[in-house]
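Given chain F, work out where chain W should sit, using these hints.
There are 2 protein chains.
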Amino acid sequence: MRIGIIGGGAIGLLFASHLSENHRVTLYTHTAEQASIINHEGIRLIVDGESRLLAGIVSKSLDEGISDEDLLIMAVKQYHLPQILPRINDIQVPLLFLQNGYGHISYLKQLQSQAIYVGVVEHGALKHDLNTVEHTGLGITRIASFKGELEQLSLVNEMFDQFPFTKSEDYHTMLVDKLVVNSVINPLTAILAVENGGLITNAYYYQLFQALFEEISGILEIQNRTESFEHVKSVCMATAENRSSMLTDLENGRKTEIDAILGHILSEAKSKGKSDCLTSSLYKMVKGKESQGG
Amino acid sequence: MRIGIIGGGAIGLLFASHLSENHRVTLYTHTAEQASIINHEGIRLIVDGESRLLAGIVSKSLDEGISDEDLLIMAVKQYHLPQILPRINDIQVPLLFLQNGYGHISYLKQLQSQAIYVGVVEHGALKHDLNTVEHTGLGITRIASFKGELEQLSLVNEMFDQFPFTKSEDYHTMLVDKLVVNSVINPLTAILAVENGGLITNAYYYQLFQALFEEISGILEIQNRTESFEHVKSVCMATAENRSSMLTDLENGRKTEIDAILGHILSEAKSKGKSDCLTSSLYKMVKGKESQGG
Numbered sequence: 027m028r029i030g031i032i033g034g035g036a037i038g039l040l041f042a043s044h045l046s047e048n049h050r051v052t053l054y055t056h057t058a059e060q061a062s063i064i065n066h067e068g069i070r071l072i073v074d075g076e077s078r079l080l081a082g083i084v085s086k087s088l089d090e091g092i093s094d095e096d097l098l099i100m101a102v103k104q105y106h107l108p109q110i111l112p113r114i115n116d117i118q119v120p121l122l123f124l125q126n127g128y129g130h131i132s133y134l135k136q137l138q139s140q141a142i143y144v145g146v147v148e149h150g151a152l153k154h155d156l157n158t159v160e161h162t163g164l165g166i167t168r169i170a171s172f173k174g175e176l177e178q179l180s181l182v183n184e185m186f187d188q189f190p191f192t193k194s195e196d197y198h199t200m201l202v203d204k205l206v207v208n209s210v211i212n213p214l215t216a217i218l219a220v221e222n223g224g225l226i227t228n229a230y231y232y233q234l235f236q237a238l239f240e241e242i243s244g245i246l247e248i249q250n251r252t253e254s255f256e257h258v259k260s261v262c263m264a265t266a267e268n269r270s271s272m273l274t275d276l277e278n279g280r281k282t283e284i285d286a287i288l289g290h291i292l293s294e295a296k297s298k299g300k301s302d303c304l305t306s307s308l309y310k311m312v313k314g315k316e317s318q319g320g
Numbered sequence: 027m028r029i030g031i032i033g034g035g036a037i038g039l040l041f042a043s044h045l046s047e048n049h050r051v052t053l054y055t056h057t058a059e060q061a062s063i064i065n066h067e068g069i070r071l072i073v074d075g076e077s078r079l080l081a082g083i084v085s086k087s088l089d090e091g092i093s094d095e096d097l098l099i100m101a102v103k104q105y106h107l108p109q110i111l112p113r114i115n116d117i118q119v120p121l122l123f124l125q126n127g128y129g130h131i132s133y134l135k136q137l138q139s140q141a142i143y144v145g146v147v148e149h150g151a152l153k154h155d156l157n158t159v160e161h162t163g164l165g166i167t168r169i170a171s172f173k174g175e176l177e178q179l180s181l182v183n184e185m186f187d188q189f190p191f192t193k194s195e196d197y198h199t200m201l202v203d204k205l206v207v208n209s210v211i212n213p214l215t216a217i218l219a220v221e222n223g224g225l226i227t228n229a230y231y232y233q234l235f236q237a238l239f240e241e242i243s244g245i246l247e248i249q250n251r252t253e254s255f256e257h258v259k260s261v262c263m264a265t266a267e268n269r270s271s272m273l274t275d276l277e278n279g280r281k282t283e284i285d286a287i288l289g290h291i292l293s294e295a296k297s298k299g300k301s302d303c304l305t306s307s308l309y310k311m312v313k314g315k316e317s318q319g320g
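If you read the sequences in order, they're chains F and W.
The first sequence begins at 27 in the numbering used here and counts up by one.
The second sequence begins at 27 in the numbering used here and counts up by one.
Just chain F, with the same shape it has in the complex (with noise of 0.2 Å):
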């Protein structure tokens, strides 16, 4: 099959390098300096400490438009797909999604492709460079149809060495599951300078995440709260020496994904008139600091 996956950032190349075993993959890049560097070296993929160099991944940038392909994967940042969304807007292929938060969902309904899924990727990745990348935890994806029949989207079904692939039947719960452990973890982590772990280890640190989940948990209208409680929990301890993107973000003053993350839940606490003084308050601190810049 042929795959073409939009994004050169740490989603991108990891995408690009595992998909690569079984498939025809180009990396469309937002710079033509990054496809040249990959087209004449390759993608390099750490594991482990292992270094392993793939050799047959073609990269083009963005602005040379995009080829035939048989499927096609957004791993841009939820604000950079405005940006994306005309080249792709009368495009027939299959779209598949992995932006974090919900907001990216409004754009879906203007696309004219009869086959769009979101996927959920928990895997950690670390970009070293242009073209290297370090698969830094070994995780899932998580796909869920929008438009059109799951079973379609063959990836689903194939084995992926170190790489798995699995089927949720709601996008809307898959998404808001990852939303709250997104929402939970990174803006408290960013703010207090903490690897996830330290969200529990500490006792005041622990009282601000449970803070927080009681306030996000109301405002989007989570059914089953201690179910979900439990499992913001085990992702932070699983990853408790992990620091959360927001933090590394801020840390090398980069751009934070706070307005995919908290934004929504703003914007949903504010028509449905609930109180959001903890979430707002995080909000501003990261809004400050990623203004303040490196």
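No wet-lab data here; the hints were simulated from the structure.
One or more hints might be untrue.
Stated by the list, open to error - Calculated lysine-lysine pairs in the DSSO-like style (CA-CA distance at most 27 Å, straight line):
1. Lys298(F) - Lys300(W)
2. Lys298(W) - Lys300(F)
3. Lys259(F) - Lys300(W)
This is chain W only, laid out in the frame that chain F set:
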């Protein structure tokens, strides 16, 4: 006049230096080591980059007991007061308390002295080492009576070079005014890791600054809110380049004054049944950072 000053921190050293111009000062320290250094080398006071050595100050470890004094000034942090109180419980000498916050007021009622004053220090001071203090910001010391005649405290009518005193009518208003300033500026700068001015110039931080002022002035039932808000803002701008004491305490892994400052506000909120979401979140953030250590 014989003046005893208890506490060899920045404020104790600053007061000892300036008051020794006109008075016989004894500085009571926590450690015998600090007393010995001061007795051998004097106190070095740095103002505007110029260093002056003050040799006439006697220093004693507090464990040696308190000598006869005409005035005793408590220059320890509020969280150290409980250790000092048993030593001054029965003393009949006039007492002056320079602590931040409001919580120490509850201690004063049990003291036997008939002349008890409270002060608010608006100087900037930085302790360089055991006998060196820098006067980083020339301010004022406000003094009000808790018990007894303010006029009997000759200090408030004396002229010191670069070290003015002023009288306040009402200790409650005086302490609450300072408490509002400290409770808005200190926790936010400590958590956001910015200089005081950053709370005004960063648009997101300014929203937090406004929200925290609203919440705290509501809890403390401040009468003249517009005036009070402008006062906090003007302090922030006048000290724009300063890093708050709470920020530098956290940066150096020291205990902060968070309990004296936000602790009192939280107990007021609780007893009045008022919302304290932002105050309580900031309290937990600072306590959590404090418990992480340096």
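Sort out whether Lys300(W) lies within 27 Å of Lys298(F), counting only the CA atoms.
holds (23 Å)
Between Lys298(W) and Lys300(F), does the CA-CA distance stay at or below 27 Å?
holds (23 Å)
Are the Cα positions of Lys259(F) and Lys300(W) separated by 27 Å at most?
violated (30 Å)
Violated hints amount to a single one, hint 3; each of the other numbered hints is respected by the structure.
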